[in-house]
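When you get a sec, could you build the whole thing from the sequences and use the hints?
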Amino acid sequence: MKEGDYMDPSQEVFKAIKESGIDFIVSVPCANLQKLIPMVDSDPDIIHVPATREEEGIGICAGAYMGGKKPAIMMQNSGMGNSINALASLNRLYNIPLLIIISHRGVEGEPICAQVPMGEKTPLLLEVLDIPAYKPDLAQSRKTIEKATKKAFEEGKQAAILLSIGFWRES
Amino acid sequence: MIRYGALEILAEKEGDKDTLIIANIGFPSKELHEIYDRKANFYMLGSMGLSSSIGLGLALARPERKVIAIDGDGSVLMNMGSLATIANQHPDNYLLVIIDNGAYGSTGNQITATAGLTDLKKVALGAGVQNVAMVSDESGLKKKLDTMENGVLIVKTKAGNKKVPVIRLCPEDIIKRFMEKSALPFHSR
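Top to bottom, those sequences are chains L and A. Going by the working numbering, the letters in the first sequence line up with residues 12 to 182, in that order. Going by the working numbering, the letters in the second sequence line up with residues 17 to 205, in that order.
Wrong hints could be hidden among the right ones.
Claimed, not checked - Here are the computed lysine-lysine pairs in the DSSO-like style, where the Cα-Cα straight-line distance is at most 27 Å: (1) L/K158 / L/K26; (2) A/K192 / L/K161; (3) A/K192 / A/K158; (4) A/K192 / L/K162; (5) L/K132 / L/K158; (6) A/K197 / A/K174; (7) L/K158 / A/K138; (8) A/K179 / A/K55; (9) L/K162 / L/K132; (10) L/K162 / A/K197; (11) L/K168 / A/K192; (12) A/K192 / A/K55; (13) A/K197 / A/K138; (14) L/K26 / L/K162; (15) L/K168 / A/K159; (16) L/K46 / L/K26; (17) A/K138 / A/K160; (18) A/K82 / A/K29; (19) A/K159 / A/K174; (20) L/K158 / L/K29; (21) A/K55 / L/K168; (22) A/K137 / A/K82; (23) A/K138 / A/K33; (24) A/K197 / L/K161.
Said to hold, decoys possible - To be clear about the criterion: a stretch of chain L counts as covered by chain A if any three or more of its residues have a C-beta under 8 Å from a C-beta of chain A, and this derived list gives those stretches: (25) 66–72; (26) 77–85; (27) 96–103; (28) 129–140.
Said to hold, decoys possible - Going by beta-carbon spacing under 10 Å, a handful of chain A positions derived as facing chain L: (29) A27; (30) T35; (31) I38; (32) G42; (33) F58; (34) S63; (35) S67; (36) S68; (37) R81; (38) M96; (39) S98; (40) T101.
Hints listed in this document are in silico derivations from the structure and should not be mistaken for laboratory results. Positions of the beta carbon are idealized from the N, C-alpha and C atoms, including for glycine.
Quick look at the structure:
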């Protein structure tokens, strides 16, 4: 790609998912994921399961992994709070790998005050869980997501990709 | 019938088959382990509420295999959205068996909402599950396990646990031997 060419954030994340070999995705919607979710849904090589709540999705992904799939979950960072026990007492306990793609609200550029408390604490929560948080810019995102996924699935761990408000506005 | 009796019937019907079984946290896992331990049993030691979700993910990943998740009424109440997701995915190889004893059996038999006004059969139907059945005795359970391939089977039992030891397998061993049975060979770790 030449410098100055248009890059679409959703398209870049989708390409990274495909290049990482992800073939099973659970989603819980976020405004920033609204273009990405239909891309995933219409891909014939990916099983897409919309879940009602993030913790439920962590369980579905764990089952998919046990069936031989390479799963990812897409969520807003508020859903991290709903997932903590499952990430610790399921994924961590059994070394179940997972790629977690997180739309990170409540950071710079956030218009909704209710998003801020959870947004501020999200990186710390991931740190407490020993889940590495990758924060790529748009140009780096494909490489970073691919690398993080490879590491997580080789080591039986989880990897979080934090995509801030700025990321979704970049192009 | 208490939970132990229901699990004995389930183990007798499915134990020697290829069926992949996910067992709920606490006594359901411990009792199943005591009745019939096998590689194709996954004992969920933590993450209360997620047995039905793990079973769903597994069934969708391996559509050619029969998957049964054993859950409890307390756990289903904790993750009720799971019934809506199962209804809308409706894998035809997935049977969710809810042992409904109206009690949080692993924590001292405190009553659950199903001991009150909540009816899990109606909840499952309302969530959109097409194939829902309820049984409350041994012969009913045997018949349903013979004929029901998918959907939600609610087994009404009395509260009460058998005195069984804790599972001595470590989590790494539980998942490793389970995946020898559940994953395609090239995915086994």
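Hints, one by one, checked against the model:
1. Annotation: proposed proximity of L/K158 to L/K26 holds, straight-line Cα distance about 13 Å (limit 27 Å).
2. Restraint check: the Cα-Cα separation between A/K192 and L/K161 comes to about 20 Å, which is no more than 27 Å; the hinted pair holds.
3. A distance of roughly 31 Å separates the Cα atoms of A/K192 and A/K158; the hinted pair therefore is violated under the 27 Å criterion.
4. As the CA atoms of A/K192 and L/K162 are separated by approximately 19 Å, the hinted pair is consistent with the 27 Å bound.
5. Restraint check: the Cα-Cα separation between L/K132 and L/K158 comes to about 25 Å, which is no more than 27 Å; the hinted pair holds.
6. Of the pairs offered as hints, the one joining A/K197 and A/K174 is violated, with about 33 Å between alpha carbons and a cut-off of 27 Å exceeded.
7. Note on L/K158 and A/K138: the hinted pairing is violated, with a Cα-Cα distance of about 46 Å set against a maximum of 27 Å.
8. Taking the CA atoms of A/K179 and A/K55, the gap is near 23 Å; set against the 27 Å cutoff, the hint holds.
9. Distance check on the hinted pair: L/K162 and L/K132 sit about 25 Å apart at the alpha-carbon level, within 27 Å; holds.
10. At most 27 Å may separate the alpha-carbon atoms for a hinted pair to count; L/K162 and A/K197 meet this at roughly 25 Å.
11. The straight-line distance between the Cα atoms of L/K168 and A/K192 is roughly 15 Å, inside the 27 Å bound, and the hint therefore holds.
12. Taking the CA atoms of A/K192 and A/K55, the gap is about 9 Å. The hint holds against a cut of 27 Å.
13. Restraint check for A/K197 and A/K138: the C-alpha separation of about 34 Å exceeds 27 Å, so the hint is violated.
14. In summary, the hint linking L/K26 to L/K162 is supported, as the alpha carbons are separated by about 18 Å, within the 27 Å threshold.
15. Between the alpha carbons of L/K168 and A/K159 the distance comes to roughly 42 Å, so the proposed pair goes past 27 Å and is violated.
16. The hinted pair formed by L/K46 and L/K26 meets the criterion: a straight-line CA distance of about 13 Å does not exceed 27 Å.
17. The hinted pair formed by A/K138 and A/K160 meets the criterion: a straight-line CA distance of about 18 Å does not exceed 27 Å.
18. With a C-alpha separation of about 13 Å, the suggested pair A/K82 and A/K29 falls inside the 27 Å cut-off, and the hint holds.
19. Distance check on the hinted pair: A/K159 and A/K174 sit about 20 Å apart at the alpha-carbon level, within 27 Å; holds.
20. Of the pairs offered as hints, the one joining L/K158 and L/K29 holds, with about 13 Å between alpha carbons and a cut-off of 27 Å not exceeded.
21. With a CA separation close to 23 Å, the supplied pair A/K55 and L/K168 stays within the 27 Å bound.
22. Using a Cα cut-off of 27 Å, the hinted pair A/K137 and A/K82 holds, with the two alpha carbons roughly 22 Å apart.
23. Between A/K138 and A/K33, the direct Cα distance comes to roughly 31 Å. Violation of the 27 Å bound is thereby established for this hinted pair.
24. Proposed proximity of A/K197 and L/K161 is supported: the alpha carbons are some 24 Å apart, at most 27 Å.
25. Remark: the segment 66–72 of chain L is confirmed as covered by chain A, as 7 of its residues place a Cβ nearer than 8 Å to a Cβ of that chain, reaching the required three.
26. With 5 residues having a beta carbon nearer than 8 Å to a beta carbon of chain A, the segment 77–85 of chain L meets the requirement of three or more and the stated coverage holds.
27. Interface restraint, the segment 96–103 of chain L with chain A: holds (5 residues with C-beta to C-beta distance below 8 Å; minimum three).
28. A count of 0 residues in the segment 129–140 of chain L with a Cβ less than 8 Å from any Cβ of chain A is obtained; the coverage claim is therefore unmet, three being the minimum.
29. The criterion of a C-beta within 10 Å of any C-beta in chain L is not met by A/A27, whose closest approach is roughly 20 Å, and the hint is violated.
30. Taken as an interface hint, A/T35 does not check out: its beta carbon lies about 14 Å from the nearest beta carbon of chain L, beyond 10 Å.
31. At about 7 Å, the closest approach between the beta carbon of A/I38 and any beta carbon in chain L falls short of 10 Å, and the interface hint on this residue holds.
32. Interface hint status for A/G42: violated, as the beta-carbon distance to the closest one in chain L is roughly 12 Å, over 10 Å.
33. About 7 Å separates the beta-carbon of A/F58 from the nearest beta-carbon of chain L, less than 10 Å, and the hint is met.
34. Evaluation of the A/S63 hint against chain L yields a held restraint, the C-beta minimum of about 4 Å falling below 10 Å.
35. For A/S67, the shortest C-beta to C-beta distance to chain L is roughly 8 Å, which falls under 10 Å, so the interface hint holds.
36. For the restraint placing A/S68 at the interface with chain L, the shortest Cβ-Cβ distance is roughly 8 Å, inside the 10 Å limit, so the hint holds.
37. Hint on A/R81 holds. Least Cβ distance to chain L is approximately 8 Å, under the 10 Å limit.
38. The beta carbon of A/M96 comes within 8 Å of a beta carbon in chain L, closer than 10 Å, and the hint placing it at the interface holds.
39. The beta carbon of A/S98 comes within 5 Å of a beta carbon in chain L, closer than 10 Å, and the hint placing it at the interface holds.
40. A least Cβ separation of about 6 Å between A/T101 and chain L falls short of the 10 Å threshold, and the interface hint therefore holds.
Violated hints, listed in ascending order, are 3, 6, 7, 13, 15, 23, 28, 29, 30 and 32; each of the other numbered hints is respected by the structure.
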